[in-house]
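J.: So the chains spell out like this:
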Amino acid sequence: MIIAQDLKSKMSYRADFFISCIGMLFVNISGYLSVWIIFQNFSSIDGWDYYEMLFLYAFFLIAITPGQCLLDNNWNLKEHIYSGEFIKYCVKPINIFFYYNSELCDVKGIVQGIIGVILLCYSWVKLAIPITILSLLKAIIGLLGASLCMMGILNFSAATSFYIMKSSIIMRLAFQFKDYAKYPITIFNGIIRFIFTFIFPVAFISYYPSLFIINPESASFLSYVSPIFGGGFFYLSYKFWMNGAKTYSGTGT
Amino acid sequence: MKKYRALIKASLMEILAFPLSTIATFFGNIVFFIFTYYLWHGIYNYSNSDVVSGLTCNDTIIYLALANVINVLLDASIIYHMEHDIRTGKIIINVLRPLDFQLITFFYASGYYIRGFVLFLLPTFLLIPLFTKTTILLGINCLYFLISLIFSILISFFIDFIVGTICIFTQSTWGINIMKQVIVSFLSGAVLPLTFFPEKLRIIVEFLPFQAMFHIPISILTNSSLLFDDIIKMLGCQVLWIVITFVISKRFWKFSSRYIAINGG
Numbered sequence: 051m052i053i054a055q056d057l058k059s060k061m062s063y064r065a066d067f068f069i070s071c072i073g074m075l076f077v078n079i080s081g082y083l084s085v086w087i088i089f090q091n092f093s094s095i096d097g098w099d100y101y102e103m104l105f106l107y108a109f110f111l112i113a114i115t116p117g118q119c120l121l122d123n124n125w126n127l128k129e130h131i132y133s134g135e136f137i138k139y140c141v142k143p144i145n146i147f148f149y150y151n152s153e154l155c156d157v158k159g160i161v162q163g164i165i166g167v168i169l170l171c172y173s174w175v176k177l178a179i180p181i182t183i184l185s186l187l188k189a190i191i192g193l194l195g196a197s198l199c200m201m202g203i204l205n206f207s208a209a210t211s212f213y214i215m216k217s218s219i220i221m222r223l224a225f226q227f228k229d230y231a232k233y234p235i236t237i238f239n240g241i242i243r244f245i246f247t248f249i250f251p252v253a254f255i256s257y258y259p260s261l262f263i264i265n266p267e268s269a270s271f272l273s274y275v276s277p278i279f280g281g282g283f284f285y286l287s288y289k290f291w292m293n294g295a296k297t298y299s300g301t302g303t
Numbered sequence: 038m039k040k041y042r043a044l045i046k047a048s049l050m051e052i053l054a055f056p057l058s059t060i061a062t063f064f065g066n067i068v069f070f071i072f073t074y075y076l077w078h079g080i081y082n083y084s085n086s087d088v089v090s091g092l093t094c095n096d097t098i099i100y101l102a103l104a105n106v107i108n109v110l111l112d113a114s115i116i117y118h119m120e121h122d123i124r125t126g127k128i129i130i131n132v133l134r135p136l137d138f139q140l141i142t143f144f145y146a147s148g149y150y151i152r153g154f155v156l157f158l159l160p161t162f163l164l165i166p167l168f169t170k171t172t173i174l175l176g177i178n179c180l181y182f183l184i185s186l187i188f189s190i191l192i193s194f195f196i197d198f199i200v201g202t203i204c205i206f207t208q209s210t211w212g213i214n215i216m217k218q219v220i221v222s223f224l225s226g227a228v229l230p231l232t233f234f235p236e237k238l239r240i241i242v243e244f245l246p247f248q249a250m251f252h253i254p255i256s257i258l259t260n261s262s263l264l265f266d267d268i269i270k271m272l273g274c275q276v277l278w279i280v281i282t283f284v285i286s287k288r289f290w291k292f293s294s295r296y297i298a299i300n301g302g
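So the sequences go chain by chain: P and V.
The numbers in my numbering rise by one with no breaks, and the one at position 222 of the first sequence is 272.
The numbers in my numbering rise by one with no breaks, and the one at position 132 of the second sequence is 169.
Bound conformation, chain P alone (with noise of 0.2 angstroms):
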């Protein structure tokens, strides 16, 4: 009800409504080339090949499309709680962070998502992976657990506003380092690849739960882990932002 609600006016908006989709396809024929491209010269990105490429990519496209479509408002945090809007979100006896988000919903967003599933099933069908129950519970909890994983950076950047003051450089570099989850993580050693599988979690957004559908056998134990680790990242994400939502209406800014 509420995405039919902000549909009808967005489609008062409707030239740029239209346009922002066509950008959004555009961004995604850029990222999709790029690979295709790559490939024209190279036989494989660190053991990755093309299609296997493609599923990561289109894995990270449906994992980043909910927490870009339904926590749209968690950009605009940073000027509510400045201007002191935020506080009509805290008076209702509705959950505030369900309230706050579902103000906005970033149907353009879907897009991505669609882009992300034509591409997904046709890498599926060129990497030849059975289509069973088995795979395709993996494929769904997995989704999930990464949609979780990187709704929870959204949260957790955005959540930050309720603490320090200008900090809307933290969700534009949290926002441009998520797309480093289009790579395999293996194309980094030592502590980087610990800050982006623990700290910056992208490694859970597509590179460990793809490689459990992909190639179960060389699967580790953190790809059986990503939807645990996706669920409970989002978790403690909630909970910083409700503390953060909670000291704020305490002060009463």
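Calculated from the structure, these hints are not laboratory results.
Hints should not be assumed to be uniformly reliable.
[What the hints assert, rightly or not] Derived coverage of chain V by chain P (criterion: at least 3 residues anywhere in the stretch with Cβ under 8 angstroms from a Cβ of chain P; other residues may be distant):
#1 95-108
#2 217-223
#3 226-235
#4 267-280
Bear in mind the structure is a predicted one, so any value in this text is a computation, not a measurement.
C-beta: ideal position from N, C-alpha, C; glycine also.
Using the hints provided, position chain V relative to the given structure of chain P.
T.: Frame of chain P; chain V shown alone:
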């Protein structure tokens, strides 16, 4: 002349007064560089030869690092600034002639270009030898690089200006801006070196101004096999695009300023 210098100074002061965005970009550049370094090692490790399409691993890394930093340097928030200016300052625009608006916008952007050069480009020259253990040969090509960079800035400015006028028309900023960013980044060699592009795409790309913004200055700086003739040809290509984009931007502006006057912004 003096008032234009004051405009640049004012713009630079404004940018430096809010340093967080600059710091974030600076940090983002470093992370991008590290990422690029590891990614391309991961790619070249699995390739049969050290040199692919004429580029070694280090060549690719240096190319992309420079491309990223030039990309950031050229980002002068022109489109948003124009939209904001039009929405709020239309009275001033009616008083001054359209040419002045473009000039004023340029001097506003210059603050960003200067910041980009000092805070983003120069540090990259330190970062590259640190990681790749190769240094960019510093010689007369640096001078040509500087000239080429200035030409890139001009082309980028006029393209941004044209896109800005389109945004005023369609009242849609994000969509058009992102389209422009994606197209420019991809077709200019900022995402992947143009040398990797297959034949058919390369021919198309040669006819677009975007490769003049990135591929040409980077090649001048890093490609030691370029002859003086080649360099002059490349610089000439850039000048050609400066003229073309300048003319188009003037016409677009003339058209949209009439539109603004009629519709009251």
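J.: Each of the hints needs a verdict: does it hold here or not?
T.: Here is what the structure says about each hint:
1. 95-108: violated (count 0)
2. 217-223: holds (count 4)
3. 226-235: holds (count 5)
4. 267-280: violated (count 0)
Hints 1 and 4, counting from the list given before, are not met by this structure.
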